[in-house]
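> Chain B: place on chain A using the hints.
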Amino acid sequence: MTMIGWLQIILFCVIIVALTKPLGWYMTRVFNGERTFLSPVLRPIEAGIYWISGVDERREQHWLTYTVAMLLFHVGGFLVIYGVMRLQAVLPFNPAGQSAVAQDLSFNTAISFITNTNWQNYGGESTLSYLVQMLGLTHQNFLSAATGIALAMALIRGFSRASVRTVGNFWVDVTRCTLYVLLPICVVYTLFLVWQGIPQTLGDYVEATTLEGAKQTIAVGPVASQVAIKMLGTNGGGFFNANAAHPFENPTALSNFVQMLSIFALGAALTNVFGRMVGNQRQGWAILAVMGVLFVAGVAVTYWAEANGTSTMHALGLTGGNMEGKEVRFGLVASSLFAVITTAASCGAVNAMHDSFTALGGMIPLINMQLGEIIVGGVGAGLYGMLLFVVLAIFVAGLMVGRTPEYVGKKIEAREVKMAMLAILVLPLMYLGWTAVGVVYPAAVASMANAGPHGFTEVLYAFTSATGNNGSAFAGLTGNTLFYNLTLASAMFVGRFFMIVPAMAIAGSLAAKKSIPPSAGTFPTTGGLFVGLVVGVILIIGGLTFFPALALGPIVEHLAMNAGQVF
Amino acid sequence: MLREIRPAIVLLLVLTAITGLAYPLAMTGIAGMLFPAQAQGSLIEKDGKVIGSALIGQEFKDDKYFHGRPSATLAPDPNDSTKTVSAPYNAANSGGSNLGPTSKALADRLKEDVDKLKAENPNAAVPVDLVTTSASGLDPDISPEAAQFQVPRVAKARNMPEEAVKQLVASNVQGRLLGLLGEPRVNVLALNLALDRAAAK
Numbered sequence: 009m010t011m012i013g014w015l016q017i018i019l020f021c022v023i024i025v026a027l028t029k030p031l032g033w034y035m036t037r038v039f040n041g042e043r044t045f046l047s048p049v050l051r052p053i054e055a056g057i058y059w060i061s062g063v064d065e066r067r068e069q070h071w072l073t074y075t076v077a078m079l080l081f082h083v084g085g086f087l088v089i090y091g092v093m094r095l096q097a098v099l100p101f102n103p104a105g106q107s108a109v110a111q112d113l114s115f116n117t118a119i120s121f122i123t124n125t126n127w128q129n130y131g132g133e134s135t136l137s138y139l140v141q142m143l144g145l146t147h148q149n150f151l152s153a154a155t156g157i158a159l160a161m162a163l164i165r166g167f168s169r170a171s172v173r174t175v176g177n178f179w180v181d182v183t184r185c186t187l188y189v190l191l192p193i194c195v196v197y198t199l200f201l202v203w204q205g206i207p208q209t210l211g212d213y214v215e216a217t218t219l220e221g222a223k224q225t226i227a228v229g230p231v232a233s234q235v236a237i238k239m240l241g242t243n244g245g246g247f248f249n250a251n252a253a254h255p256f257e258n259p260t261a262l263s264n265f266v267q268m269l270s271i272f273a274l275g276a277a278l279t280n281v282f283g284r285m286v287g288n289q290r291q292g293w294a295i296l297a298v299m300g301v302l303f304v305a306g307v308a309v310t311y312w313a314e315a316n317g318t319s320t321m322h323a324l325g326l327t328g329g330n331m332e333g334k335e336v337r338f339g340l341v342a343s344s345l346f347a348v349i350t351t352a353a354s355c356g357a358v359n360a361m362h363d364s365f366t367a368l369g370g371m372i373p374l375i376n377m378q379l380g381e382i383i384v385g386g387v388g389a390g391l392y393g394m395l396l397f398v399v400l401a402i403f404v405a406g407l408m409v410g411r412t413p414e415y416v417g418k419k420i421e422a423r424e425v426k427m428a429m430l431a432i433l434v435l436p437l438m439y440l441g442w443t444a445v446g447v448v449y450p451a452a453v454a455s456m457a458n459a460g461p462h463g464f465t466e467v468l469y470a471f472t473s474a475t476g477n478n479g480s481a482f483a484g485l486t487g488n489t490l491f492y493n494l495t496l497a498s499a500m501f502v503g504r505f506f507m508i509v510p511a512m513a514i515a516g517s518l519a520a521k522k523s524i525p526p527s528a529g530t531f532p533t534t535g536g537l538f539v540g541l542v543v544g545v546i547l548i549i550g551g552l553t554f555f556p557a558l559a560l561g562p563i564v565e566h567l568a569m570n571a572g573q574v575f
Numbered sequence: 004m005l006r007e008i009r010p011a012i013v014l015l016l017v018l019t020a021i022t023g024l025a026y027p028l029a030m031t032g033i034a035g036m037l038f039p040a041q042a043q044g045s046l047i048e049k050d051g052k053v054i055g056s057a058l059i060g061q062e063f064k065d066d067k068y069f070h071g072r073p074s075a076t077l078a079p080d081p082n083d084s085t086k087t088v089s090a091p092y093n094a095a096n097s098g099g100s101n102l103g104p105t106s107k108a109l110a111d112r113l114k115e116d117v118d119k120l121k122a123e124n125p126n127a128a129v130p131v132d133l134v135t136t137s138a139s140g141l142d143p144d145i146s147p148e149a150a151q152f153q154v155p156r157v158a159k160a161r162n163m164p165e166e167a168v169k170q171l172v173a174s175n176v177q178g179r180l181l182g183l184l185g186e187p188r189v190n191v192l193a194l195n196l197a198l199d200r201a202a203a204k
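Which chain is which? The protein sequence lines are A and B, in order.
In terms of this note's numbering, the first sequence is residues 9 to 575.
In terms of this note's numbering, the second sequence is residues 4 to 204.
So that you can see chain B by itself, here it is in the shape it has in the complex:
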């Protein structure tokens, strides 16, 4: 049995160096050369400043922008570090609400949000993704229905014809891969950037 001690130490150290240092560092180098934009986090710049990542959702509250899904992410309470406070789209602390199907807190939240959205647009059914929090709290997408639902509000806030906003939404819908994988969706940040560009014209 004693002869197993040396490999237990040396082999562990060698394999640790290979898999824990050489592999991730080499991959960082190669990935940075082959796919520099993605390796840095698919960042979007505007006027030389980073405004976010194409893959990470951000909070929109203004009526003239399309809104993303509710986010359940938290941040440490600035007044008491043992507690946390709500901080939607905190991209340094991802997470979901973890509320279960029989949770009263979830039922109350859903009712409040559905009522609010019904008041905003009484003519359409409320899309489920617009009142449910995502798993990561950073979902960059909404469903095409959720985008169409917000068209009247956005058009009104921007004094744009509804038809023009609708078309902008339609041109930002990403379909299923090969018509099969994933779900149709709209990237909220990309749509809002397109909206700003259209308004600037």
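Only chain A is shown next, with the shape it has when bound in the complex:
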């Protein structure tokens, strides 16, 4: 670890905190339907979209209607992706002549993109046409991100409103998010990325003759426009197989730094939106503080572990840390930082191969996902995930003093706690259950790339990533098999929607409640005690659930590595 490494980490944190307030202010205006500086251009387009699709923007929806609208929207999104993948051979923008994608891989990818997971069982440049990248993947990068933010807005309204039956209008929230937040940022962002060196072309793959006379086919494409939204929307599905490690997806130290910022920017800003809407920005800062504590702890462990290197390397006299699976332009610190960010948020883009990380360095990304990706988290999903933990923490605090717990003026009662528990328990059921199947079912065992405990970690990581809708991988695992295409799709589906529906039920039930003014007995939820309590609840629930599995994977591997054992 070096001073200059830590300075990069500190600079990252400072900029994220600095962006939170202005972005939060802007997004609050957007979702309250107020005028913004973009309204003169975008308002007519917005009104036109409502008119043509028959949306009455003043009519709000009950939480159940809101949820059904969201589900219908996803059915359509699924069909679009599945359709263009199956038909890509006969559709335009296919200069590399890619053939139709197989049924199970198309199914997996379609589920993957509508759930904001973007798990890559597909090979990018070796499997997909430009049309699929644009119409299939780029479009769903926008819409699944907009959906996540819309759902978070509905839950925030549950807390901020009193005695009403509605939580907003799903169609309006999705449209506003896409038009006013995601698209304008992406337009500027894309141009920045092209300036840094990311290709944006519809031309053929380039045939080069190298300096030594060999042939090299260089895959290009409309990359920058997809990379911009894949980061901003915490989607993470790469244009290329190697994702953000590919020099065409992440060419420079600056592009890397801005990509890391863009993964966290909207998720962090949503904590501020929450604070503004419940009438006290300090409520938002308290939540961001919980995220910050967990984040910095994770970065420290991964950076330390990667800088330490492996005992195999030490034995050969190699110093300079674990560079297997890392790019020189990013080095140890930017690779470690990126790995923690991408798993803390539910992004899943990678700029280094997590499979080649040290045992402990790779365990932190795994833990980040197992905690439910609430450390900033996916856009929207991170906030509603974190609010579920807050509900539990408040419940625990209420039990300690024997009072009905309250949070931002709402009584937290049996229904909310039950729903929060349901959402939180579904995740381990998926990733632990499927991992158990994955390590005994012969066809699945054959997919492991590494032997010993590392192979187990590959399987655990895959199902954790899918359930958490992250999409990063221990990529040695051969995922494009019938078993993994179907089981991972089921994990992604359950991980997304079985969390959303209980969260929306809480939104509906909270919105209907009266708002009660704080009294002398109200537990203050803006101070250090509250932050400590929430961090504690997250670590206890998380630790109890997944420690046994971690002990079988990364922990035992770390001990084996120190004993000089290889598999």
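No lab work stands behind these hints, which were simulated from the structure alone.
All values derive from a computational prediction rather than experimental measurement.
Note that the Cβ used here is the ideal one computed from N, Cα and C, for glycine as well.
Take the hints with a grain of salt, since some may be wrong.
Unchecked claim - Here are the simulated distance ranges between beta carbons: (1) B:116 <-> A:47: 23 to 29 angstroms; (2) A:441 <-> B:126: 54 to 60 angstroms; (3) A:102 <-> B:173: 43 to 49 angstroms; (4) A:305 <-> B:173: 35 to 41 angstroms; (5) B:121 <-> A:220: 21 to 27 angstroms.
To be verified - Footprint (simulated), chain B over chain A, 3 or more residues, beta carbon under 8 angstroms: (6) 156-168; (7) 206-218.
Said to hold, decoys possible - EDC-like, lysine to aspartate or glutamate: derived pairs with alpha carbons at most 16 angstroms apart: (8) A:522 <-> A:421; (9) B:64 <-> A:220; (10) B:121 <-> B:80; (11) B:159 <-> B:123; (12) B:64 <-> B:116; (13) B:64 <-> B:123; (14) B:107 <-> B:123; (15) B:67 <-> B:48; (16) B:67 <-> A:54; (17) B:159 <-> B:199; (18) B:67 <-> B:7; (19) B:67 <-> B:199; (20) A:223 <-> B:62; (21) B:119 <-> B:66; (22) B:49 <-> A:421; (23) A:521 <-> A:421; (24) B:49 <-> A:215; (25) B:159 <-> B:65; (26) B:159 <-> B:66; (27) B:52 <-> A:112; (28) B:67 <-> B:123; (29) B:52 <-> A:220; (30) A:223 <-> B:48; (31) B:49 <-> B:199.
Coordinates of chain B only, in the frame set by chain A:
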């Protein structure tokens, strides 16, 4: 609930057209006008022929060139399409080795490569990036130490004074952005092109 069906279809199609077609196509047009070289892939031409991209590494085996990092990229086996074979720096199929810290295959590979490099230059410590594969398999860079390590071999193969090659390396080192972001590095293709130019003089 039925009134939600129409927006589910129409709104989806409209937003798909905006974000999936209008946005990427418009960006392709604008980017092509503002940054034509980058938008095409930062290609380098020599005598009218494309010799590669400034951002994509390529394989160097000849002693008179600086070598890049080992690459783990694969290509379909020409004899059996269900299998893959090693194809370093395959820029149409990026990827890493994905070998873990306790992998015997990785330990063996590292030992073999370290021994080879020690034989080539016994006077310097082997730089770690010269024996580890990159994440993309297309890393265009090596560390300044990895370039300096190869100076004796290159100088000998070209009959150039070591000092001259060393200076060429030093002038091709890219530092951290603003002294802070990223890592110091040397673009292997750019260095080798500079080497060819220097030799031609």
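> Run the distance test for residue 67 of chain B versus residue 199 of chain B: straight-line Cα separation, threshold 16 angstroms.
holds, 9 angstroms
> Is the straight-line distance between the alpha-carbon of residue 223 of chain A and that of residue 62 of chain B 16 angstroms or less?
holds, 10 angstroms
> CA of residue 159 of chain B to CA of residue 65 of chain B, is that 16 angstroms or under?
holds, 12 angstroms
> Residue 49 of chain B and residue 421 of chain A: Cα distance at most 16 angstroms?
violated, 72 angstroms
> Honestly, do residue 121 of chain B and residue 220 of chain A meet the 21 to 27 angstroms range at C-beta?
Between residue 121 of chain B and residue 220 of chain A, where Cβ atoms are some 25 angstroms apart, the hint holds.
> Against the 16 angstroms threshold, does the CA-CA distance of residue 223 of chain A and residue 48 of chain B hold or violate the hint?
It holds: about 14 angstroms lies between the C-alpha atoms, which stays within 16 angstroms.
> Is the straight-line distance between the alpha-carbon of residue 159 of chain B and that of residue 66 of chain B 16 angstroms or less?
Roughly 9 angstroms separates the two Cα atoms, so the pair holds.
> Against chain B, does the segment 206-218 of chain A show at least 3 residues with beta-carbon separation below 8 angstroms?
Held - the segment 206-218 of chain A has 12 residues with a Cβ nearer than 8 angstroms to chain B, which meets the minimum of three.
> Regarding the pair residue 107 of chain B and residue 123 of chain B, is the alpha-carbon distance no greater than 16 angstroms?
Judged against 16 angstroms, a Cα distance of about 25 angstroms means the pair is violated.
> Would the hint linking residue 67 of chain B and residue 123 of chain B be met if the CA-CA limit is 16 angstroms?
Roughly 13 angstroms separates the two Cα atoms, so the pair holds.
> At the C-beta level, are residue 102 of chain A and residue 173 of chain B separated by a distance inside 43 to 49 angstroms?
holds, 46 angstroms
> Within the assertion that chain B covers the segment 156-168 of chain A, do at least three residues meet a Cβ-to-Cβ distance smaller than 8 angstroms?
Coverage by chain B is violated here, the residue count being 0 at a Cβ distance below 8 angstroms.
Comparing the model with each earlier hint shows violations of hints 1, 6, 10, 14, 15, 16, 18, 22 and 27; every other hint is respected.
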